[in-house]
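Engineer: The residues making up each chain are set out below.
2 protein chains.
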Amino acid sequence: MDQHHALECVNLVPIFKSLPLIQKTAVADLVVKHQYPKGTIIYLAGDTVGHFMILEAGQIKISQVAANGKEQLLKVMQPGDFDGEAALFNGNQRNVTATALVDSNVCQIDQDAFQKLLSRSPQLAVNLLSEMSQQINNLQADKTVAATSDVTGQVAKYLLETSAALHETNFKLPLKKKDIATYLGTTPETISRVFKQLTTKKLIDTTAANVKIRDEDGLMELV
Amino acid sequence: MDQHHALECVNLVPIFKSLPLIQKTAVADLVVKHQYPKGTIIYLAGDTVGHFMILEAGQIKISQVAANGKEQLLKVMQPGDFDGEAALFNGNQRNVTATALVDSNVCQIDQDAFQKLLSRSPQLAVNLLSEMSQQINNLQADKTVAATSDVTGQVAKYLLETSAALHETNFKLPLKKKDIATYLGTTPETISRVFKQLTTKKLIDTTAANVKIRDEDGLMELV
DNA sequence: CGGCGTGTTGATCCGGGTCAACTCTTGTGG
DNA sequence: CCACAAGAGTTGACCCGGATCAACACGCCG
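Chains as they are written, first to last, in the working numbering: chain A, 73 to 295; chain B, 73 to 295.
Just to be clear, a hint being listed does not mean it is correct.
No copy is singled out in the list; a pair is fine if it fits within one copy or between any two copies.
[Said to hold, decoys possible] Below, in silico cross-link-like pairs of lysine to aspartate or glutamate (EDC-like), each with a Cα-Cα straight-line distance of 20 Å or less:
#1 Lys249 with Glu233
#2 Lys284 with Glu233
#3 Lys142 with Glu293
#4 Lys89 with Glu203
#5 Lys215 with Asp251
#6 Lys188 with Asp101
#7 Lys215 with Glu143
#8 Lys188 with Glu203
#9 Lys215 with Glu233
Note that these hints are calculated values from the structure, not bench results.
Small disclaimer: the values here were computed from a predicted structure and weren't measured.
Whenever a hint applies, use it, and build me the whole structure from the sequences.
Structural biologist: Spelled out as structure tokens, the structure:
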């Protein structure tokens with residue numbers, strides 16, 4: 073019935089987009105749409121895996137809770153992002169928690185159906201491998217930066233990456249500073265001080281949640 | 073000619089091992105063997121990607137150098153481990169450096185051949201996806217622990233994981249303490265102090281490079 | 001207009017990095 | 001097989017980045 077809309081959802085995602093139309097339609101047939109109001113917990117770490125999830129509209133927080141109760145923000149999904157791939161092949165347990173930050177529409181594909189699809193479409197499997205490679209590279213780079221540079225460097229890296237992702241040097245922060253702190257494993261106070269310091273050094277300008285990068289090379293040297 | 077040996081190499085690796093014999097033989101046909109003496113740099117970050125690599129014998133260090141010159145140890149490959157998958161799909165550039173820590177034998181598969189193989193064998197692709205999922209999960213867990221607990225917690229996690237990997241509660245550390253420090257993003261001095269403190273708390277016993285875990289639960293509480 | 005979440009700023013404290021001296025291993029050559 | 005050098009590990013003293021605690025300044029929503 074909403075075949076049409078499902079295809080739109082599939083087209084949002086790079087790993088599906090490059091597939092031949094016939095395969096895209098096959099994917100779209102597997103899609104079930106869901107809506108989650110702001111604040112909904114979509115799944116919890118420990119849940120048995122259910123499905124591969126594409127975010128069509130909204131924002132979803134992916135996080136992990138450490139043994140000591142502290143929350144670690146792993147990423148904030150934007151429309152077109154997907155999640156669930158890492159859990160699909162592992163012990164069938166979710167290891168992260170997904171929460172809708174605002175009202176969100178997602179397209180879900182049942183895990184068994186998705187796995188069958190993968191076995192039939194080498195192209196899709198290769199696309200997914202490519203995407204996961206990228207994730208591994210990013211996580212490794214994060215690890216290196218976290219271990220070798222100070223908070224200023226991590227904030228600089230975050231600003232450069234955000235700017236690159238948005239294709240803007242003058243942009244509105246997609247996350248609250250509080251969340252940036254959780255993402256980088258630091259505190260809001262420190263974020264506030266670092267922003268101030270970067271502004272003093274004329275590397276950025278900030279007004280409320282807006283940031284303008286004034287000296288990209290300068291920031292890169294801090295990483 | 074060394075078809076026989078190549079197959080042995082292929083059988084070392086879980087993602088290949090479960091393939092039907094015919095496919096394993098196909099993989100083995102693509103294998104080229106190399107030997108690297110201790111200290112050899114097998115490839116450097118920035119090199120164009122060449123091949124997928126399986127370690128048959130020896131030890132290979134995978135690391136990244138941060139902008140400030142500090143080295144981050146990402147993993148130390150043991151026989152049966154493989155590497156190169158993450159680079160194969162990304163910009164064709166290695167982002168890490170591989171160094172032979174001791175004389176090492178590796179089996180290499182040319183990247184083009186490997187990609188073709190993947191397109192033809194969905195089973196292999198799925199196996200590789202599974203392996204990469206695991207890596208992503210581990211990296212995320214590392215990130216969470218790094219951001220939320222102190223060095224003592226990280227050392228505890230490292231000891232528990234090492235013990236689990238070796239299936240022993242009484243084992244010889246596979247890495248020098250200096251390298252454990254680089255791996256965890258800390259210093260040898262701190263590692264030394266943490267080991268001492270864990271010993272005092274009767275959570276472990278240590279003699280030279282040997283560690284005996286005395287209180288697994290106690291260690292888990294520190295993570 | 002009042003209240004609550006977010007952000008800022010200051011004061012204080014502590015984990016762990018750095019520097020330095022020393023000891024213990026390990027490996028190499030005579 | 002020993003001797004000695006070079007690296008690995010340990011211990012202590014010191015210091016600094018950033019977490020914590022606390023008070024205060026803004027929005028924004030009901």
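Engineer: Hints first: check each against the structure and report whether it holds.
Structural biologist: Results of checking the hints against the structure:
1. Lys249 with Glu233: within (16 Å within a copy, 34 Å between copies)
2. Lys284 with Glu233: within (13 Å within a copy, 43 Å between copies)
3. Lys142 with Glu293: between (31 Å within a copy, 14 Å between copies)
4. Lys89 with Glu203: The answer is within: 13 Å in one copy meets 20 Å, while 25 Å across copies does not.
5. Lys215 with Asp251: both (19 Å within a copy, 16 Å between copies)
6. Lys188 with Asp101: within (13 Å within a copy, 28 Å between copies)
7. Lys215 with Glu143: Answer is both: 18 Å inside a copy and 11 Å across each meet the 20 Å cutoff.
8. Lys188 with Glu203: both (19 Å within a copy, 18 Å between copies)
9. Lys215 with Glu233: both (15 Å within a copy, 18 Å between copies)
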